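Going line by line, the protein sequences match chains A and B.
So the numbering used here is basically just the index in the first sequence, starting at one, shifted up by 2.
So the numbering used here is basically just the index in the second sequence, starting at one, shifted up by 3.
Just so you know, the hints here were simulated from the structure itself, not pulled from any lab data.
Worth double-checking, as some hints may not be accurate.
What the hints assert, rightly or not - From chain B, some residues computed to sit far from chain A (all C-beta separations above 12 Å):
(1) LYS105
(2) GLU230
(3) LEU232
(4) GLU315
Said to hold, decoys possible - Only some residues are given here: those of chain B computed to face chain A with a beta carbon under 7 Å:
(5) ALA108
(6) ARG118
(7) LYS124
(8) ARG128
(9) MET129
(10) LEU137
(11) GLY144
(12) THR203
To be verified - Straight-line alpha carbon distances no greater than 35 Å define the calculated DSBU-like cross-link-like pairs of lysine-lysine that follow:
(13) B:LYS263 - A:LYS172
(14) B:LYS105 - B:LYS263
(15) B:LYS105 - B:LYS166
(16) B:LYS206 - B:LYS16
(17) B:LYS89 - B:LYS166
(18) A:LYS172 - B:LYS89
(19) B:LYS179 - B:LYS161
(20) B:LYS16 - B:LYS263
(21) B:LYS180 - B:LYS166
(22) B:LYS179 - B:LYS166
(23) A:LYS172 - B:LYS161
(24) B:LYS166 - A:LYS172
(25) B:LYS180 - B:LYS161
(26) B:LYS16 - B:LYS166
(27) A:LYS172 - B:LYS105
(28) B:LYS175 - B:LYS16
(29) B:LYS206 - B:LYS179
(30) B:LYS179 - A:LYS172
(31) B:LYS105 - B:LYS89
(32) B:LYS161 - B:LYS206
(33) B:LYS180 - B:LYS206
(34) A:LYS172 - B:LYS180
(35) A:LYS172 - B:LYS206
(36) B:LYS175 - B:LYS271
On a predicted model such as this, the values are computed, not experimentally measured, just so you know.
Positions of the beta carbon are idealized from the N, C-alpha and C atoms, including for glycine.
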Amino acid sequence: MVFNRKKTETDTPAAVAEDEVAAQGVTADISETAAAVTAAAGGEAGGPLLSSRTREMFGYVAWGLGALIVLIMLLAFVGVDLGWPTRVGDNMLDQALDPQTAAVAVAVIGLNIHFGYTGLLNMGQAGFMLLGAYGFAISIVEGVPLLFAVVIGLLASALFAVVLGVPTLKLRGDYLAIVTISAAEIVRYVGRATTFNEHTGGPQGIEGQDFRGPVTDLSFFGTGNFDIGSLDYILTGANSWWMRAVAWAVVLLSVGVVYLLVRSPWGRLLRGVREDEDAIRSLGKNVFAIKMQALVLGGLFGAVAGMLFVLPSSVVPDSMGRTLTFYCWTALLLGGAATVFGPVLGSILFFVVRILVTGIADNTVPDSVLNTQQAGQFGWIVIGVSLMLLVIFRPQGVLGDKRELRFNA
Amino acid sequence: MPESTTNLDLSQKSARVELMSGVAEEPGSAKPDPMLTVDNITRHFGGITAVDVTHLEVQRGIITALIGPNGAGKTTFFNLITGFDKPSPGASWTFDGQGISKTSASRVARAGMVRTFQLTKALNRMTVLDNMMLGAPGQRGERLLSSWLQPLWSRQEKDIEDKALSLLERFKLLEKKDDFAGSLSGGQRKLLEMARALMTDPKMIMLDEPMAGVNPALTQSLLGHVESLRDEGMTVLFVEHDMHVVRHISDWVVVMAEGKVVAEGTAKNVMAQQAVVDAYLGAHHDTDLGDDALLEDENFAAIEAEAQQESEGRS
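Given only the sequences and the hints, what does the whole structure look like? Please build it.
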């Protein structure tokens, strides 16, 4: 219960009084005291907002929903025809494996390094993605070999991170949030400006076929179609098995890298910075350098994500704007910040659940009340409401350790 | 043991008394072997001068207490010399012979002067052991490039863990090592912060109100720890309000008021200095404020009357 306290209220008189109680060995009342403290602090998540029975019920509902998602997708996969639920299941399955879902997962992995581990509020992850995508796509169009094109995309994003980090990382966290969101918008507007039409293609962007070649050429899958269960794609091309394999391989690789990094002393240092910069400074560590490393590293993941994101489609600046950043945040909070697999699970869930909600709404509510287009919008509303419920009732996300990270970190 | 005091074993009280007996009991007096020397350090907040210390030396190997009324600038002074705040131009201070006036907080810590905070900065959502291990300096695994190659740092990590565990044992936190630091009581967090500071192998430890909000039993053990640090040859400078504590463990007392050092001396003598009485202690510095008798009506009335008399006498 003691963890429920916000960082800022740790040293309030009430907390100190409570500490003294604990020190004298009267531990029985401590959870009640803490609950009272949190209630007094304006209703922290967890304790006083819901009775334990209601919480238990919510737990069952969540498990039920999870089981339903898996079941529908499984039935669709083996081809049991139940009418519209099967069609919805097909869509969900398709979306879950989509290369763009994988791309978002990588972007969220980067964001997790920023926010989950280091506590940096990066509100412009889409900007990092867009820069990576531009760097990569323009280089290939200009005839740069694949490997160098990837490096150029990465460098563009790293430079962006340094430029944003130098003035803001010495200041309080909020400044980084403001600067990143504006800088990401600047990147998008520069991208869509007709001035640079020759290179960026303006608002229409760069066609996928102009830069996809070197990646599809690497495919050893051969040509033709391949189907397994209800999944049926071409082997090599834009919307292909090859793209899926590449994208999810990158996701796995990213998860592996993050796993190695965050369990090292470096990862411990990141969490230390997230908890209290001054304490880390007083131990002789260079906090600015650590934050910069985290910002650049997360930005590099963003750049890779941007490249994966545009490979199956095209570089369109408006498809990588604020909305995409917010999708990334939602997926991160959904899956669980400061966990290794949370970003991946969160990204898949985010897209799949929306299709489920939209599908159910579209097929069960008569068109006179909710037509197909409105059902799509309804899906987003549900996503928004669930995000709110999530941060109130389960701020640690699906996989998160409640004790380690709360949304108000 | 530092060189110039090798002939004295500072873990003996008599030796410390002998060492400090030659020091003049006046503000800014010279010490036989200063660890920290501060000159002309000032800090203004708008029109208010929070700190204005012209000269101060802190003797090596003893416990120096920094006392003063609320708002005397003690914590600001701490922040300034540890690099957490920037003084006005012209300030200079040296630590163990090296100038550190232009360095950042992390460099000051690396030079061997480590501090704790008035509001304890335990890293609440990390385990006690992780808190401790963060304190170790020069960790190979903390470099991004080598962090993902565990063989490069696993041996060092093991050593650090052993050191952390032995410190935790000494501070009686060993059974808490896997608990989150946020679950500790206020006093235990103070202990943890002190233990974590020791992980950096400091030459001098600066404690900002180490006893604030700590129950009497833990205060006793905290005091024991501070004294044992001194006995191991560490220099201790601490801010404290509790006069019992100050009298009990400090070998030298520096009194600040309104940003200035107004008096220095041994705990016994400094309380008697007029400047200190005026600035801080008032007529009742010998009265135990925890004494319930003070709250009884007739006593209270007597004190009030006395205070009345005093203020009339002054005006």
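Hints versus structure:
Even its closest Cβ contact with chain A, about 16 Å, leaves B:LYS105 beyond 12 Å, as expected for a residue assigned away from the interface. Taking the minimum C-beta to C-beta distance to chain A, about 21 Å, the non-interface status of B:GLU230 holds against the 12 Å cut. No Cβ of chain A approaches the Cβ of B:LEU232 within 12 Å, the least distance being about 17 Å, so the stated non-interface status holds. Distance check on B:GLU315: its Cβ is at least 35 Å (rounded) from any Cβ of chain A, clearing the 12 Å threshold; non-interface status holds.
The closest approach between the C-beta of B:ALA108 and any C-beta of chain A is roughly 4 Å, which is under the 7 Å cut-off, so the hint is satisfied. Interface hint at B:ARG118: satisfied, since its Cβ lies 5 Å from the closest Cβ of chain A, which is below the 7 Å cut-off. With its C-beta approaching chain A no nearer than about 4 Å, B:LYS124 sits inside the 7 Å limit, and its interface hint holds. Because the smallest distance between the Cβ of B:ARG128 and any Cβ of chain A comes to about 5 Å, under 7 Å, the interface hint for this residue holds.
The beta carbon of B:MET129 is positioned within 7 Å of a beta carbon in chain A (closest approach about 6 Å), and the interface hint is therefore held. Interface restraint check: B:LEU137 against chain A, minimum CB-CB distance 5 Å, threshold 7 Å, status holds. Because the smallest distance between the Cβ of B:GLY144 and any Cβ of chain A comes to about 3 Å, under 7 Å, the interface hint for this residue holds. Checking B:THR203 against chain A by beta carbon gives a least distance of about 6 Å; that is within 7 Å, so the hint holds.
Under the criterion of a C-alpha separation no larger than 35 Å, the hint pairing B:LYS263 with A:LYS172 is consistent with the structure, at around 31 Å. Under the criterion of a C-alpha separation no larger than 35 Å, the hint pairing B:LYS105 with B:LYS263 is consistent with the structure, at around 22 Å. Only pairs whose Cα atoms come within 35 Å are accepted, and B:LYS105 paired with B:LYS166 is accepted, the gap being roughly 32 Å. At most 35 Å may separate the alpha-carbon atoms for a hinted pair to count; B:LYS206 and B:LYS16 meet this at roughly 20 Å.
Distance restraint check for B:LYS89 and B:LYS166: the Cα-Cα separation of roughly 34 Å lies within the 35 Å cut-off, and the hinted pair is therefore satisfied. This hinted pair checks out: A:LYS172 and B:LYS89 have alpha carbons roughly 14 Å apart, not beyond 35 Å. Between B:LYS179 and B:LYS161 the alpha-carbon distance is near 19 Å, which keeps this suggested pair within the 35 Å criterion. Of the pairs offered as hints, the one joining B:LYS16 and B:LYS263 holds, with about 29 Å between alpha carbons and a cut-off of 35 Å not exceeded.
For the hint pairing B:LYS180 with B:LYS166, the CA-to-CA distance comes to about 13 Å; that is within 35 Å, so the pair holds. Of the pairs offered as hints, the one joining B:LYS179 and B:LYS166 holds, with about 16 Å between alpha carbons and a cut-off of 35 Å not exceeded. At most 35 Å may separate the alpha-carbon atoms for a hinted pair to count; A:LYS172 and B:LYS161 meet this at roughly 33 Å. Among the hinted pairs, B:LYS166 with A:LYS172 is consistent with the structure: their alpha-carbon atoms are about 32 Å apart, no more than 35 Å.
At roughly 15 Å between alpha-carbon atoms, B:LYS180 and B:LYS161 fall within 35 Å of each other, so this suggested pair holds. Of the pairs offered as hints, the one joining B:LYS16 and B:LYS166 holds, with about 29 Å between alpha carbons and a cut-off of 35 Å not exceeded. For the hint linking A:LYS172 to B:LYS105, the alpha-carbon distance of about 17 Å falls within 35 Å, and the restraint holds. About 26 Å separates the Cα atoms of B:LYS175 and B:LYS16, which keeps this hinted pair within 35 Å; it holds.
Between B:LYS206 and B:LYS179 the CA atoms are separated by roughly 27 Å; this keeps the pair inside 35 Å, and the hint holds. Proximity of B:LYS179 to A:LYS172 is assessed by CA-CA distance (about 34 Å); at most 35 Å being required, the pair is judged to hold. Our distance criterion of 35 Å between C-alpha atoms is met by B:LYS105 and B:LYS89, whose separation comes to about 9 Å. Our distance criterion of 35 Å between C-alpha atoms is met by B:LYS161 and B:LYS206, whose separation comes to about 24 Å.
At roughly 26 Å between alpha-carbon atoms, B:LYS180 and B:LYS206 fall within 35 Å of each other, so this suggested pair holds. Only pairs whose Cα atoms come within 35 Å are accepted, and A:LYS172 paired with B:LYS180 is accepted, the gap being roughly 32 Å. Only pairs whose Cα atoms come within 35 Å are accepted, and A:LYS172 paired with B:LYS206 is accepted, the gap being roughly 28 Å. A C-alpha spacing of about 32 Å is found between B:LYS175 and B:LYS271, which places the hinted pair at or below 35 Å, so the restraint holds.
Every hint, counting from the list given before, is met by this structure.
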